[in-house]
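J.: So you can see what is in the structure, the chains are spelled out below.
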Amino acid sequence: MEGYKRNMIPEPETPLPSIKTGYGLLQWLSSTDHKQLGIMYLWMALFFFLVGGAEAMLMRAQLALPELNLLGPEVYNQLFTMHGTTMVFLVLMPTLIGLGTYFLPLMIGANEMAFPRLNAMSLWITLLGGLLLNFSYLAGGAPDAGWFSYAPLSEKNYSFTPGLDYYSIGLIVTGIGSIGAALNFIVTTITMRVKGMKMNKLPLFVWMVFFNSFLILGAFPLLNAGLFMLLLDRQLQAHFFLPATGGSAVLWQHVFWAFGHPEVYILALPAFGIISEVIPVFSRKKIYGYVTLAASTVFIALLSFGVWAHHMFAVGLGNPVNTFFSAASMLIGIPTGIKVINWTATMWGGRIFFSTSMLFAVAFLIDFTLGGLSGIAFAIAPIDWHITDTYFVVAHIHYVFLGGTLFASFAGIYYWFPKISGKMLSEKLGQWHFWLFLIGFNMTFLIQHLLGLLGMPRRVYTYPDLPYYGSMNFIATMGAVLMMIAMLIFIFNIFHSLRKGMKASSNPWYAWTIEWFASSPPSLKNFDELDEVKTSRPLIDWEKTNQRNDGE
Amino acid sequence: MWESIDHIFKSSSEDTETMKQLFGYFLIAGGFVFAIVLGVTFYILRKFKVSDHSKQHFDTHESHKVEYLTIGFASVLVVSFLVLAIGAINKIQTPIPEGKEPDIIITGHQWWWEINYPSEGVVAANELHIPIEKRLLVRLESKDVIHDWYVPALGRKMDMIPGQSNYVWMQALEPGHYDGACNEYCGAQHAWMRILVVAHEQNEYEKWLADQKKKASIPQTALQKKGAKIFQDKVCSNCHAIQGTGAVAGIGPDLTHLGSRETLLGGKLRNGPGSLKDWLRDPQKVKPGAHMPDFLFTEEELNALTAYLYNLK
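Sequence order for the protein chains is U and G. Every letter in the first sequence is one number past the one before it in this note's numbering, and letter 316, counting from 1, is 316. Every letter in the second sequence is one number past the one before it in this note's numbering, and letter 33, counting from 1, is 1033.
Derived by calculation from the structure, the hints in this document are not laboratory data. Since the model is a prediction, treat every value here as computed from it, not as a measurement. No residue lacks a Cβ here, since even glycine has one placed at the ideal position from N, Cα and C. Heads up, some of the hints might be wrong.
Stated by the list, open to error - Facing chain G, from chain U, some residues (calculated, C-beta under 10 Å):
#, residue
1, TYR150
2, PHE228
3, TYR290
4, THR369
To be verified - Straight line, CA to CA, 25 Å or less: simulated BS3-like cross-link-like pairs of lysine-lysine:
#, chain 1, residue 1, chain 2, residue 2
5, G, LYS1055, U, LYS544
6, G, LYS1020, G, LYS1010
7, G, LYS1047, U, LYS201
8, U, LYS503, G, LYS1055
9, U, LYS428, G, LYS1047
10, U, LYS423, G, LYS1055
11, U, LYS286, G, LYS1055
12, G, LYS1010, G, LYS1091
13, G, LYS1143, G, LYS1100
14, U, LYS195, U, LYS544
15, G, LYS1055, U, LYS428
16, U, LYS503, U, LYS525
17, G, LYS1065, U, LYS286
18, G, LYS1049, U, LYS286
19, U, LYS428, G, LYS1049
20, U, LYS156, G, LYS1143
For reference, chain G alone in the conformation it holds in the complex (with noise of 0.2 Å):
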């Protein structure tokens, strides 16, 4: 995940390079205005620069030319900033098709994404895998408080409000993985409310899709049944969903492939049995003021449980 810091920099949607390119042209009518006036005030204060303070006094000549002249060439600015971002507006905030159903749906959590593919029946959590190229629909949700979608490659950022479904357009050209985060400030742990989108080719796409749709794995050796045992008595299945079992709950991640991720927690950690198992052994250790409850598990049931819920993938 961490390097994808370059995508960041690089764009890879058709949306992306709008607003860059928007984005270009501000910095350099924006640059040129600060140079104007950063270089006549240190003409002006080079020139009449005086090193004692003296009772003397001036009027001053006034002249409009020099106010209708800043007037015109701010306005002229203004006028085609406008007619820039009205452009970029309607190219990057196009109208929904009538009748078209959105291809993924994702609602934000305090503090982690939930993913919907309602066409496949897949649902997924905080990692977003998507095919390249397809100019997708994303319908964005919230479960409680604001939270806001942004990776800077493939698009805008749009927030997710609660009673209210907002769309937004998404799109990636190249395959690879880009890094975003929640933009809008959600509570305790906004700054772990990270994002990692894959882009695969179609067909790889597909063979993630296809595995994604497996049932979870069945537990093989004696200490992941043992961990699959606890995930029950535990009460787990409370929040937690794992296709295939009891467990159906929506109110925690979905786990059924929890050991196919990369990453843990919104971007805390890298997934792996070692990091795992610390969020469980102390969940408000590693992001304090999640709403994980710590069950004082003991290393034996640590070590089950870490086995079973990794064999997940």
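So here's chain U without its partners, still in its complex pose (with noise of 0.2 Å):
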């Protein structure tokens, strides 16, 4: 063992103060361990899930048939609003940062976040931001204006209840959580690196999650500012974006969209960084392209601050205007296309094996693309006059959030599964789970890019029987159905998983980032010393050099 130098991780050199011995509740809430916080961010966000599933089944079950009266207009407005914010805000966002703030100290050798009570902060208080906006429906009434909450139909005179006064609050306050969030991963990536980790061999999960980190620490403030006006009108009479007193409806678009379209690449970002660990270790292949993915990361990132009126196209914007933002917007499918290509060649000549965290990534592959080349569509302005606000864009944003984000979530979960609970989930059941996911996911949503051409606008509770109108919604419903059959599985996965599944050894995988160095579940400490990094494969040096792990 001599010669070769150890490094000692220094922090925390005592536990910190609200860490208890033992596991009961009190500790949870009161912990600002980044592994418990992560978990519980997962959590939250599948309770979340479960609400905002509820509310697409709900819908779906409203379209089946043409003319149907299951929900009326009100209900039915509420629950799409509620689908997508909660979805949007309280699902996908608290996934990707929960994997983050569980893996991203893990991956770079540290023992903690930079700053452990922030991040227990930003979990609480998306946690309230979350309940706040779910309270609205005990309150009067949830929100009714569309997660857009586009002005002035999300104004005191159009839309009474205080269902978005509950939104405005709701997502101010989870937004700061957000913005806690991102200043940690940030502060941590930057400090807290073991020896030897420079920023090119960052792991690319780490890399995404760091660079997001700037793009929701320049996005979320537009957001809050927007919802400070929305409020002040709502509530003080301001008149920012009511035109009769000299507002104007289309300044909130503005504001809402140079924040929704970072916020795109929000959900975007973290997810690449799932894929591009993934694909790698089931294809047993050093990623292929790292520089070029994570340099295309930093130029989407700093293309998606100059799209954001592509969602404007109809909004009577001159022809310089669409010029431009059509041509900004185009720009991003190349770096996007290159990162395609990359995750593609890291599998060519590898051994590739079909875990269901391996299926749920190659999956993300093609529907992301599917979800990419839709998207291209908006972005050419004259194609954008016909299909934007039809079925098209919920097809789209659904091949880009479900395809995309979520089965990059869902490849995660499963993968790293092991690491957080010490116990494997089981593959059988997660075989069963990817595949009706798949074929339920499918089958909703690419029939509805025929709907949007055929003329369905979205975000109406009904539709009249148009010639196959009828049938190409009811397949839609079904496919929801197996989409619900198929969270079922996986919820059954997890609960059977964490009390009777197979003992998970350190490295299931046989992976090499150094999470996987620390004992499945890492103890309270992650490390208590990790040698020095040489290679962006770290395990497989240590191994050749007949490292052992004394954490353990």
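With the hints as a guide, bring both chains together as one complex.
T.: Laid out in structure tokens, this is it:
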């Protein structure tokens, strides 16, 4: 062992004050441990997934046949608003931030996040925002102006229940949580890497979460500013967005999409990171084009702030503006295309093993490509003038968020569950989950491209019995039922595996990033000491030099 | 109205033709790219699939060639589509000639369309009648929230924004019925804010216009006369206008020629005495959230009012 420089992991030297021995509920509530906080993020996301999923199922039931009367328009409009808001802010964000909170320190060989208390605050305030938002159901009505809350429909004189006030306050609070988490990721990545882990040796998941955090810092203040303005309009009779009193309805759209478009990438980049971890491990290959993957992320992040008006091609902007935003939006296709090629090339010449995690990663590759391509349709303004605000958008956004972010999250959860829990998820149930979800997902959303091209507007609580409308919507609803069954299997799998699952070794997938060096589950202090990192596959190097994990 | 679904596939204007052509190119290019990704992925998966997860690992022989090729190919696609898009943008959204007044002004309301022919002095609602061939300049406005005018066969879609006037060119090359709908979420009844456009040959259009310029038909039967009285007594005229009577308000749709329309309530019902009566009996049941109050008419009043209103051809 002599001759190797061993690097002590400096922090935490003493356990943080709130961490007690034992695992009572109070210990979870008061925890500042990044692993416990990460787990709670994931539970929270699962809880809200059930809420948002139930909302979606009710909507699909109402839309199953033309002119059904299961739900009135008022209820339906609340449901679709809450579904979108919940899934974006309370499911996808917490899932990605949760995985980041758990794994970012582990992957860079740190024992904690840079600011453990800020970390705890970010979690609890995100949950508080979510509860506030959902409390609106009991307080007189949920928000009903869509997750995008276009003014003046979101103003007091058109939406007079307190729903939109809860929407504003809830999202402001949740946004503060996201900003806190982003700040924490940035400082942690910059200051707490193990010796030798230069920025060009960061695991790509860390790189993506790190860069994504700058996007969060840029985008969420915009949203919060807009929400404050909306709240002032509604509560204090300001008139930012009220044309009748000198405000501008279009101003809201600029503010919202200046946040909203980066938000799409905020939900995509960490997903790219997960895919960039999973595909190499299950192909037994080093990632192809590390530098290009990292650099293209930077391009996407920068471009994402200059494309918001492609959501507004039907607003009546002039030709120069439309042309500029068309060009900028189409450019995003280039770095995204490179990523897809790099992931595919990574698999070339490898030994591809289809674990559930890998299945989801491959499904991501294909469905996300479809979502990306349909996205380019919106970037081309004259095509956008045909398909915007139809079901084509519904199809597109779900291919990006479900086929993209959610599939990647599933890939990540199947991949990392053994590390988090010390138990293996059942692969058999995992396969059922995957195939049912994949078929259901494509059944529901592929057909909606066609519905959109047929002219069916989105956000309608019912539709006339036009040719094909009824049958296509019925197929979509059946697909949703399959997805629901798949989710029940997934949840059963989690609980079953937690109790009776096979014990996981510290590195069941023979992966090579540092989180697999810790025990499964990691002890409170992740690592006692780590060797210097020489390459981007430290575990392989360390094994070669016969180092053993003395952290166990 | 329901038969007009065909027209969603059809285009009846040069603008829609341009858009459809561009979409066709996009579909070919997108389909090609997707086929490549799908094909290559499946090929790799088949070729390199193993049934056991092993500890073996390989290095990657990186070659920037693949990346350059991707960047090159994607750039060529982006540039070509940008050129095509700019061409289409400038072809569809052409500048408005100096001093040209709009042929038609359409105003969005929750949840119906107000239609004005400024040079003719004609006001209509929900059904737009236009002459064929002419490229009409339409001004779009909104009285309340943001709506969106979209009739696929006749050109692009355009938002109607309160406090702002948007202009759009509209054209129907062939006579017929064209279906459309509000495309921007505008509240409770966004679903029933559908559009019917009827395109006429020039002479027929002029005939229609002449009919519309007429004042409302005078009630003939006793029942209709009773209905007219109820219309005045029950303050219907606070919101609705019937040309030639004392009712001149512009809050709800103009009813001067209500009986001549094919549909009611933004496409919710086919026009007819029965559906008109259903609506008057319980507006919130037919179209929940609509701004029409329930007047709790008796059956007798309903019959009279329906007879009067349906007679307004």
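J.: Take the C-alpha atoms of LYS503(U) and LYS525(U), compute the straight-line distance between them, and say whether it is at most 25 Å.
T.: holds, 21 Å
J.: For the pair supplied as a hint, LYS1020(G) and LYS1010(G), confirm whether the alpha-carbon distance does not exceed 25 Å.
T.: holds, 10 Å
J.: Between the alpha carbons of LYS195(U) and LYS544(U), is the straight-line distance 25 Å or under?
T.: holds, 19 Å
J.: Is LYS156(U) close enough to LYS1143(G), meaning Cα to Cα at most 25 Å?
T.: Holds. LYS156(U) to LYS1143(G) sits at ~16 Å (cutoff 25 Å).
J.: Can the restraint linking LYS286(U) and LYS1055(G) be considered satisfied, given a maximum Cα separation of 25 Å?
T.: Holds - the C-alpha atoms of LYS1055(G) and LYS286(U) are around 13 Å apart, at most 25 Å.
J.: Is the Cα-Cα distance between LYS503(U) and LYS1055(G) 25 Å or less?
T.: holds, 19 Å
J.: Using Cβ atoms only, decide whether THR369(U) comes closer than 10 Å to chain G, and label the hint accordingly.
T.: holds, 5 Å
J.: Is the Cα-Cα distance between LYS1143(G) and LYS1100(G) 25 Å or less?
T.: holds, 23 Å
J.: For the pair supplied as a hint, LYS423(U) and LYS1055(G), is the alpha-carbon distance within the 25 Å limit?
T.: Given that 25 Å is the threshold and the Cα spacing comes to 20 Å, the pair holds.
J.: Does LYS1049(G) lie within 25 Å of LYS428(U) when you go C-alpha to C-alpha?
T.: holds, 18 Å
J.: So if I understand the rule, the pair passes when the alpha-carbon distance is 25 Å or less; does LYS1055(G) with LYS428(U) pass?
T.: holds, 22 Å
J.: Quickly compare the C-alpha distance for LYS1010(G) and LYS1091(G) to 25 Å and report which way the hint goes.
T.: This hinted pair holds, its Cα atoms lying about 19 Å apart.
In this structure, the earlier hints numbered 2, 7 are contradicted, and the remaining ones agree with it.
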